[in-house]
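Undergrad: Following the hints, position chain C against chain D.
The primary structure of each chain is shown beneath.
Number of protein chains: 2
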Amino acid sequence: MSDETRLIKPRSISGFPEWLPHEKEEEERCLSLLRETFRSFGYTPLETASVELTEVLASKGVEEKEIYDLIRHQGEGEESGLSLHFDLTVPFARYVALNYGQLAFPFKRYQIQKVWRGERPAQGRFREFYQCDIDVVANGPLPLEYDAELLEVMATALARLDVGRPVFMVNHRRILDGFYNHLGIGPELRPAVLLEVDKLEKTGRESVARQLQDKLSLTGETLEQILHFAALRCDPDGLPDLLRALEVKDEVFLAGLAELESIFALLPTGLGDFTYNGSITRGLNYYTGIICETLIQGAESFGSVCSGGRYEGLTRLFSNQELPGCGMSIGLTRLLAWLFAKRDKNTGGRSSPSEILIAAMPSVPHSELLLLGRELRSMGLNVEVFPPAKLKKQLAYADRKGIPGIIIPNDDGSFDLKDMSSGQQARLTREELVVRLQAGR
Amino acid sequence: MSDETRLIKPRSISGFPEWLPHEKEEEERCLSLLRETFRSFGYTPLETASVELTEVLASKGVEEKEIYDLIRHQGEGEESGLSLHFDLTVPFARYVALNYGQLAFPFKRYQIQKVWRGERPAQGRFREFYQCDIDVVANGPLPLEYDAELLEVMATALARLDVGRPVFMVNHRRILDGFYNHLGIGPELRPAVLLEVDKLEKTGRESVARQLQDKLSLTGETLEQILHFAALRCDPDGLPDLLRALEVKDEVFLAGLAELESIFALLPTGLGDFTYNGSITRGLNYYTGIICETLIQGAESFGSVCSGGRYEGLTRLFSNQELPGCGMSIGLTRLLAWLFAKRDKNTGGRSSPSEILIAAMPSVPHSELLLLGRELRSMGLNVEVFPPAKLKKQLAYADRKGIPGIIIPNDDGSFDLKDMSSGQQARLTREELVVRLQAGR
Chain D
1 MSDETRLIKP RSISGFPEWL PHEKEEEERC LSLLRETFRS FGYTPLETAS VELTEVLASK
61 GVEEKEIYDL IRHQGEGEES GLSLHFDLTV PFARYVALNY GQLAFPFKRY QIQKVWRGER
121 PAQGRFREFY QCDIDVVANG PLPLEYDAEL LEVMATALAR LDVGRPVFMV NHRRILDGFY
181 NHLGIGPELR PAVLLEVDKL EKTGRESVAR QLQDKLSLTG ETLEQILHFA ALRCDPDGLP
241 DLLRALEVKD EVFLAGLAEL ESIFALLPTG LGDFTYNGSI TRGLNYYTGI ICETLIQGAE
301 SFGSVCSGGR YEGLTRLFSN QELPGCGMSI GLTRLLAWLF AKRDKNTGGR SSPSEILIAA
361 MPSVPHSELL LLGRELRSMG LNVEVFPPAK LKKQLAYADR KGIPGIIIPN DDGSFDLKDM
421 SSGQQARLTR EELVVRLQAG R
Chain C
1 MSDETRLIKP RSISGFPEWL PHEKEEEERC LSLLRETFRS FGYTPLETAS VELTEVLASK
61 GVEEKEIYDL IRHQGEGEES GLSLHFDLTV PFARYVALNY GQLAFPFKRY QIQKVWRGER
121 PAQGRFREFY QCDIDVVANG PLPLEYDAEL LEVMATALAR LDVGRPVFMV NHRRILDGFY
181 NHLGIGPELR PAVLLEVDKL EKTGRESVAR QLQDKLSLTG ETLEQILHFA ALRCDPDGLP
241 DLLRALEVKD EVFLAGLAEL ESIFALLPTG LGDFTYNGSI TRGLNYYTGI ICETLIQGAE
301 SFGSVCSGGR YEGLTRLFSN QELPGCGMSI GLTRLLAWLF AKRDKNTGGR SSPSEILIAA
361 MPSVPHSELL LLGRELRSMG LNVEVFPPAK LKKQLAYADR KGIPGIIIPN DDGSFDLKDM
421 SSGQQARLTR EELVVRLQAG R
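Going down the list, the sequences are from chains D and C. Count the first sequence with this note's numbering and you get residues 1 to 441, in order. Count the second sequence with this note's numbering and you get residues 1 to 441, in order.
Rather than coming from a laboratory, the hints here were simulated on the basis of the structure. As the structure is a prediction and not an experimental result, all values here were calculated from the model. Virtual Cβ for every residue (Gly too), placed ideally from N, Cα, C. Take the hints with a grain of salt, since some may be wrong.
As the list claims (entries may be wrong) - Only pairs whose alpha carbons sit at most 27 angstroms apart, straight line, appear in this in silico BS3-like list of lysine-lysine: (1) C:K65 x D:K114; (2) C:K202 x C:K215; (3) D:K9 x C:K114; (4) D:K114 x D:K342; (5) C:K393 x D:K114; (6) D:K114 x C:K9.
Said to hold, decoys possible - Derived coverage of chain C by chain D (criterion: at least 3 residues anywhere in the stretch with Cβ under 8 angstroms from a Cβ of chain D; other residues may be distant): (7) 66-74; (8) 253-260; (9) 311-321; (10) 417-431.
So here's chain D without its partners, still in its complex pose (with noise of 0.2 angstroms):
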């Protein structure tokens, strides 16, 4: 770069979170754990261009969002036709009908990537962040198997994210329909009402009664109803019980409620907890099965970390073959805003993956330690070698990074080996140093 070029002050975006080094960390611990759980389940990983043609975004079928197109800068103003995905269900879909024909089914991926809202600038709303999917398509009938593997897998996956006791609030759209059926409600009042009634757990009763009577004129026993229902909570032992008792003879409501009894028999124990909620209901029109938002237990003011439910004819926007599937997001960008927003920004964790800092020392020949370090390393350990300066600065260094060990080669030969916490230290012979850290493994 030249040197006459005008200094540029270097400023965050709004909207675009950065992390530290010692936040990053964090991030890739989790991005690492969430991989792993998602392959211990079978799931494959996928990917999709961070791009789609702006006709399919923006097109009819598609719930509305805010997105951002792309212009050649050096192209005057041409339109390019693309836009960032604001998701990574469109592209899922799109992918899907693409390679049809090279995919076994049922087909089963995570996908973890960035998507971008394109949204003006305001406090607390991100323009990029990850969001971390799992899906499940089949080219027959999907198995509700499924829908119960995809709440045992992110129940595995925020237990070992270790983010606090996850409540995954359950409900059912045929339940949902056949309850509205009962009542009266027709289609084309019902996605008003259920936008509505999914208010409930944030805004509480008493506004979202005011809405159904303000904007929908609905009154009398009629709410009553609706409220009654939206209230409904339940262990899913619980269900049967709960829900008979309405007394509702619709068949769509009695197919639902027989399929999440199905799918709750196979949710595991102890990971999380699984509560029937007749207050969820989810905007999205595109969902025909279970559905599915998770409160973290004494942080429900957050809101919900983990939503999805099954749904069919997602691919009908590219394909007239019907492909039912089933999938489940959790939002880690947020997450992690949260999570690092409760505690100092300064403190808690290492800045450096550095289990071991070998420290220079100019009597002792600096190819040595570079051998030691390989050796090290080959038996799996994270190991840096610092190169020749005063102990004093490579102990700082070790400090600031918090680089748990340092080993410290004497002019004999031997080595200390000297942990920064406890400030314990012991004379090794390099023998004893390989079989003693190897044995800390």
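TA: Coordinates of chain C only, in the frame set by chain D:
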């Protein structure tokens, strides 16, 4: 999505590569090996926003690249002032300047992210690809040990990727500068000469000679010396003799030579070939010390898989502080595209991470198989449990996805463990099964 939506023919977008599942699995393996390797040398993960301010990327001091600007789709062409980054170097420099007070120096980071080039669509040209960078930046003098370390890290990484034997072709900017001082070719003409010389490996001596003559009017002894120098090749051991034989007295030349000798002395043996190569110049004018490009033996026509070097004042665009750095980069997407193209698109590689498929049988309670799956997963195995279906269908699924082991439950409580590749099958009790699979880890 509504039923009335017109169908959109799904298509891939030129320059935005997407892999099939077995290919993505291989990319994941590579990404994971790169992360592990970088971490084993104490490099910390870093991720910057996908965008930079357009004024930064399009500013005079930055190498000119085709970039994509973002506009809000709903914003009626209103400019966001943001562009997708075209490499990870400018973002890294901005990040270091922005977070200077909170970083511990020397700051060693790896950064594996997608980058974008706003090029017109063309055969074989990537508009989105993974770049895998490591850099060390100091807030004082940066010891030469780091230049050597970077070469060692990348040699280790490429060896683990197992893509063929890498040949690291190293040169030094001060050796070049000193040599051109000696020839009397000043800083005005030099960049143009280096640009031509840099093409020697690709286009050959004839072509470079012609360009130097026609474009830059270089002839006679000067031209001969430039071509002679560019053709110099040797092992690290041969460097002193080879370059001293040129009898260049220029101080910059001798200082560069001494530096390169020191760096070569620290390199490991057996990981790859490190060679001196007089034709390596690296076009980017911010390099100030070692420069490197890397070919794969037997696949030289593919071009450089890994390149980089030392630079001073990278953050100069943002700060008056001099922060010397050294970095190298692997272009993973291009490398994988080449590897995948070498073999049949539909062969090789498993399209599932599952090691075991537990087949479901109508006579065995599904919940017991789910429990077995959980137990095997807790041992670190990737296991999927198939929903109840005909055995033939389950075997075909495992075969198509390349799942190597199948567990088939029997009515009497025993299990058949079947090796899909050998066809061998063993009948085991549940306890024996778990022990056998534990031992196989």
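Undergrad: If a hint holds in the structure, say so; if it doesn't, say that too.
TA: Outcome of the hint check:
Only pairs whose Cα atoms come within 27 angstroms are accepted, and K65 of chain C paired with K114 of chain D is accepted, the gap being roughly 23 angstroms. Between K202 of chain C and K215 of chain C the alpha-carbon distance is near 18 angstroms, which keeps this suggested pair within the 27 angstroms criterion. A threshold of 27 angstroms between alpha carbons decides the hint, and for K9 of chain D with K114 of chain C the separation of about 25 angstroms falls inside it, so the pair holds. At most 27 angstroms may separate the alpha-carbon atoms for a hinted pair to count; K114 of chain D and K342 of chain D meet this at roughly 23 angstroms.
Taken as a hint, the K393 of chain C and K114 of chain D pair is broken in the structure, with Cα atoms around 36 angstroms apart against an allowance of 27 angstroms. Pair hint K114 of chain D plus K9 of chain C holds up; C-alpha atoms about 25 angstroms apart against a cutoff of 27 angstroms. Counting residues of the segment 66-74 of chain C whose beta carbon lies closer than 8 angstroms to any beta carbon of chain D gives 9, which reaches the threshold of three, so the coverage claim holds. Given as covered by chain D, the segment 253-260 of chain C fails the check, having 0 residues with a CB less than 8 angstroms from a CB of that chain where 3 are the minimum.
A count of 7 residues in the segment 311-321 of chain C with a Cβ less than 8 angstroms from any Cβ of chain D is obtained; the coverage claim is therefore met, three being the minimum. Taking a C-beta to C-beta cut-off of 8 angstroms, the segment 417-431 of chain C contributes 0 residues in contact with chain D, too few for the three needed, and the coverage statement is violated.
Of the hints listed earlier, those the structure fails to meet are numbers 5, 8, 10, in rising order.
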